[in-house]
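Asks: Residue numbers (our numbering), protein chains in the order written: chain A, 131 to 391; chain B, 44 to 412.
Note that these hints are calculated values from the structure, not bench results. Note that CB positions come from ideal geometry on N, CA and C, so glycine has one too. Be aware that a few hints might be false.
Calculated pairs, SDA-like style, for lysine to any residue (alpha carbon to alpha carbon, straight line, at most 20 Å) [to be verified]:
#, chain 1, residue 1, chain 2, residue 2
1, A, K259, B, L155
2, B, K150, A, L255
3, A, K302, B, V93
4, A, K259, B, V93
5, B, K150, A, K302
6, A, K259, B, Q171
7, B, K150, A, D318
To spell it out: a stretch of chain A is covered by chain B in this simulated footprint if at least three of its residues, at any positions, have a beta carbon under 8 Å from a beta carbon of chain B; those stretches are [claimed, not checked]:
#, stretch
8, 230 to 241
9, 246 to 260
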Amino acid sequence: MALQYRIEGSDLQYVELTLAPGETAVGEPGAMMYADAGVSIESHMGDGDESALGGRLAAGFKRSLTGENFFTTVFTNTLQQPLRVSFAASSPGKIIAVDLAAAGGELICQRGAFLGGTRGIRVGLAFKKRLRAGMFGGEGFVMQRLTGSGTVFLHASGTLAPLELRAGQQIKVDTGCLAALQPTVHYDVQYVGSLKTSVLGGEGLFLATLKGPGTVWLQSLPLQRLRAAMTGVSQVRGFGPRLVYFLFFIIVVIMTLAGKM
Amino acid sequence: MSEVEGLLHGPELPVSGIPARLWFLDGALHVRREDGAIEIVPAESLSVSVTGFNENTLQLDWQREGQAHAVTVANAQAHQVLLAHAPASLVGHLRRGHSTMHWHRRKWNVVLGVVAGLTLLALVAWWQSEAITAWMAQRVSMETEVHIGEQALAELQTEHEFTQEGPGAKAIADIGARLTKGSRYQYRWYVSADREINAFALPGGIVVVNAGMIEATDNADELAGVLAHEVQHVEQRHTLQQMIHAAGWAAVLAVALGDVSAITAIVIHQLGNLRNSRKLEASADVEGMKALARAGIPLDGMVSLFRKLDGEQRRRGGAGIPLLHSHPATADRIAELEQLAATLKCECQPLVYDWKAIQGETKKWRTSN
Numbered sequence: 131m132a133l134q135y136r137i138e139g140s141d142l143q144y145v146e147l148t149l150a151p152g153e154t155a156v157g158e159p160g161a162m163m164y165a166d167a168g169v170s171i172e173s174h175m176g177d178g179d180e181s182a183l184g185g186r187l188a189a190g191f192k193r194s195l196t197g198e199n200f201f202t203t204v205f206t207n208t209l210q211q212p213l214r215v216s217f218a219a220s221s222p223g224k225i226i227a228v229d230l231a232a233a234g235g236e237l238i239c240q241r242g243a244f245l246g247g248t249r250g251i252r253v254g255l256a257f258k259k260r261l262r263a264g265m266f267g268g269e270g271f272v273m274q275r276l277t278g279s280g281t282v283f284l285h286a287s288g289t290l291a292p293l294e295l296r297a298g299q300q301i302k303v304d305t306g307c308l309a310a311l312q313p314t315v316h317y318d319v320q321y322v323g324s325l326k327t328s329v330l331g332g333e334g335l336f337l338a339t340l341k342g343p344g345t346v347w348l349q350s351l352p353l354q355r356l357r358a359a360m361t362g363v364s365q366v367r368g369f370g371p372r373l374v375y376f377l378f379f380i381i382v383v384i385m386t387l388a389g390k391m
Numbered sequence: 044m045s046e047v048e049g050l051l052h053g054p055e056l057p058v059s060g061i062p063a064r065l066w067f068l069d070g071a072l073h074v075r076r077e078d079g080a081i082e083i084v085p086a087e088s089l090s091v092s093v094t095g096f097n098e099n100t101l102q103l104d105w106q107r108e109g110q111a112h113a114v115t116v117a118n119a120q121a122h123q124v125l126l127a128h129a130p131a132s133l134v135g136h137l138r139r140g141h142s143t144m145h146w147h148r149r150k151w152n153v154v155l156g157v158v159a160g161l162t163l164l165a166l167v168a169w170w171q172s173e174a175i176t177a178w179m180a181q182r183v184s185m186e187t188e189v190h191i192g193e194q195a196l197a198e199l200q201t202e203h204e205f206t207q208e209g210p211g212a213k214a215i216a217d218i219g220a221r222l223t224k225g226s227r228y229q230y231r232w233y234v235s236a237d238r239e240i241n242a243f244a245l246p247g248g249i250v251v252v253n254a255g256m257i258e259a260t261d262n263a264d265e266l267a268g269v270l271a272h273e274v275q276h277v278e279q280r281h282t283l284q285q286m287i288h289a290a291g292w293a294a295v296l297a298v299a300l301g302d303v304s305a306i307t308a309i310v311i312h313q314l315g316n317l318r319n320s321r322k323l324e325a326s327a328d329v330e331g332m333k334a335l336a337r338a339g340i341p342l343d344g345m346v347s348l349f350r351k352l353d354g355e356q357r358r359r360g361g362a363g364i365p366l367l368h369s370h371p372a373t374a375d376r377i378a379e380l381e382q383l384a385a386t387l388k389c390e391c392q393p394l395v396y397d398w399k400a401i402q403g404e405t406k407k408w409r410t411s412n
C-alpha cells in the first residue's frame with residue numbers, strides 16, 4: 131500500500147504522513163514536527179534497516195558524506211488505528227514526494243535533499259566523475275543517490291520545478307539550481323559563451339547542461355543565494371568569476387586613467 | 044543470446060522510457076516492446092551518443108516521421124553484447140562511446156592510484172628509513188666522504204688538541220693497520236686531548252681516540268677492541284648514514300649530487316648530536332670482533348673493555364659515558380659478544396706494548412694541552 135501523505139503550507143512547508151497500523155516511516159533527525167502519541171520514535175544508525183553493525187556503520191558514513199545525519203529516526207505506528215507523523219522543511223522552499231518505483235528505482239539529488247520516506251529507502255553516494263561538472267556544476271562531486279521502491283520526500287529551497295526531458299532534449303541551467311535528476315539524465319557544464327557574458331551576465335563562467343531522457347527538478351532559489359540575499363553579501367560565486375571581475379576592474383581603471391573611457 | 048535489455052523512448056511514451064529488448068539482425072536494430080510490438084531500424088539511420096549521470100549509458104537515436112526515438116542501454120555487459128553484434132558501420136561509433144565511459148573510470152583510477160602510491164611510498168620511506176639512508180650513504184663518492192670527514196675533523200680540532208705523534212698514537216696506528224688490512228679507505232689515526240672515555244670515527248677513514256680512553260684501558264687488546272668497533276663505523280659508512288639522516292632528506296640529494304659545501308656545514312654543526320642506532324652499534328660489534336679474529340688479536344679485550352665501561356657507567360649514575368648513550372643494554376651486549384667470541388676461531392697472540400708507559404706519556408701530553 132502506498133504511503134498516505136499530505137503536503138501543507140505554501141513556501142514554508144511540512145508533510146503529514148498517515149501511518150497504517152504497524153507501518154513505519156523514516157525521517158532525518160530533527161525534521162519531525164509532531165506525531166500522534168501512539169507513534170514510537172527510535173534512532174537507528176544508517177538507513178534504519180540494516181542488521182549487521184558493519185552495514186549500519188557504512189550506511190551511516192555514506193549518509194553523512196551526502197549531507198545527511200549519521201542516524202535515521204524510525205517512526206512506527208504501534209496502535210490498531212491510523213496515526214499521523216509530520217516532517218517540516220528546514221528552510222523556505224518546497225517539499226516534493228517522488229514514487230521511486232515509478233521513477234525507475236533510483237534518483238540523484240543534491241546534498242541534504244532527503245527529508246524522509248518509506249522505510250527501506252537507501253541514501254547512497256553519487257560521485258560525479260566528470261571533473262569540470264564536479265568543480266563548476268554547483269552541486270559538488272558528491273550527490274545523493276536514493277534507491278528503493280517506496281515514496282521519498284525531498285526538500286530544496288525555492289520553488290521546485292519538475293521538467294521532463296525527451297531523449298536528446300537539452301536545457302541550460304544556472305549552476306546550483308539543480309535539485310534532483312533521474313540517473314538517465316546527462317549532466318555536464320559548459321562555458322557561458324563569451325567573456326562579456328561571463329562578467330556582466332551574472333550567471334558566472336559556467337552553466338550546467340542537462341540532456342534527456344528523464345525528469346529533472348530545478349530549484350528557483352539555491353540556499354546560498356537565499357543566504358546572500360538575506361545577509362546582503364555580494365552574490366558573485368566562486369573564485370573564477372571574482373578573478374575575471376577583478377581583472378576587468380583593473381582594465382577599466384587603467385583605461386579611465388589613460389583618458390580612453 | 045545477442046538480445047539485451049534497454050529502455051525505449053519516444054514522443055508518445057513516458058519520459059523515463061519503457062522496458063524493451065533490442066538486438067542487431069541483418070544490419071538493422073530490432074526493438075521489441077513488452078507488448079510484443081517490434082520496431083526495425085536500419086543501421087544507417089541510427090546515431091550513437093553517451094548519456095546518463097556519469098556518462099555510463101549508450102544511447103541510439105533515430106527519427107521516425109519527424110519524431111525523435113531512442114533506446115538507452117545502461118548495463119556494461121549489454122554494451123559488450125551490442126558491440127559484438129553491431130553492423131560494421133556502427134561499431135566505430137559504439138566503440139567511441141564506450142571508450143568515453145572507460146575514460147572516466149581510468150581517470151579516477153589514475154588519481155586514486157597516484158594518491159595511494161604516494162601514501163604507500165611515504166609509509167615505506169618512514170618504515171625503511173634506515174635502509175634508505177644506508178643505500179644513500181653507499182651512493183656518496185669516496186672523495187665526498189673524505190671531504191666531509193676532513194671538515195668535521197677541522198671543526199673538532201677547535202675544541203681539543205689532536206695528535207698523530209707520541210707512543211699512544213703510534214700504537215693505535217700500528218694496531219689499526221692490522222685491523223684495516225685490505226680496506227678501500229686510507230685511515231688516519233688521532234689521539235685527542237680529551238679526558239672523556241670516548242672514541243669516534245669520522246667519514247672517510249678518520250678514527251679519533253680520546254686520551255681518556257687510553258688511560259681507562261688496561262692493555263692494548265682492550266684498545267684494539269675499541270678500534271675494531273670504530274673501524275666498522277667507517278667501513279659500513281654508519282656515521283655518514285647518521286649525518287644524512289640528521290641533515291634530512293633535502294640534504295640527501297645535494298650530497299648524492301656532489302654539492303657538499305653547504306650541506307657539510309649543516310651536518311658538522313650537528314656532529315655532537317649524532318647517535319648511531321642500536322642496530323648499527325650491534326653490527327659494528329659483530330663485524331669488529333670478526334676483524335679482530337682475522338687480525339689475530341685476542342677477542343676478550345673487547346669484552347673486558349665493555350664490562351669495564353659498564354662498571355664505570357654504574358659508578359657515574361645518570362650522566363653516564365657518551366660512548367654508551369646509544370646502547371644502554373650493556374649486559375645483553377656483553378653476553379652476545381662473549382657468545383660470539385666463543386664461536387670464532389682465533390689463533391690469537393696478545394698484543395705486546397708497554398701499556399703503562401704509553402698511558403703515562405699520553406697523560407703527560409694531555410695535561411700539557
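Asks: Decide if the proposed pair is consistent with the structure: K150 of chain B and L255 of chain A, CA atoms, cutoff 20 Å inclusive.
Replies: Holds, because 19 Å separates the two Cα atoms, which is no more than 20 Å.
Asks: Keeping to a limit of 20 Å between CA atoms, is the pair of K259 of chain A and L155 of chain B held or broken?
Replies: holds (12 Å)
Asks: Would you mind confirming whether the straight-line C-alpha gap from K150 of chain B to D318 of chain A stays at or under 20 Å?
Replies: Between K150 of chain B and D318 of chain A the Cα gap is close to 17 Å, so the pair holds against 20 Å.
Asks: Do the alpha carbons of K259 of chain A and Q171 of chain B lie within 20 Å of each other, as the hint requires?
Replies: Distance ~36 Å between K259 of chain A and Q171 of chain B Cα, so the pair is violated.
Asks: Sort out whether K302 of chain A lies within 20 Å of K150 of chain B, counting only the CA atoms.
Replies: Not satisfied, since the Cα-Cα distance of roughly 26 Å exceeds 20 Å.
Asks: Are there three or more residues in the stretch 230 to 241 of chain A whose C-beta lies within less than 8 Å of some C-beta in chain B?
Replies: It holds: at least three residues are needed, and the stretch 230 to 241 of chain A offers 3 whose Cβ sits within less than 8 Å of chain B.
Asks: For a C-alpha distance cap of 20 Å, please report whether K302 of chain A and V93 of chain B respect it.
Replies: Distance ~18 Å between K302 of chain A and V93 of chain B Cα, so the pair holds.
Asks: Counting residues of the stretch 246 to 260 of chain A that have a beta-carbon nearer than 8 Å to any beta-carbon of chain B, does the count reach 3?
Replies: n = 5 at 8 Å, threshold three: holds.
Asks: Would the pair K259 of chain A and V93 of chain B pass a check requiring their Cα atoms to be no farther apart than 20 Å?
Replies: holds (14 Å)
Checked against the numbered hints above, the structure violates hints 5 and 6; every other hint is satisfied.
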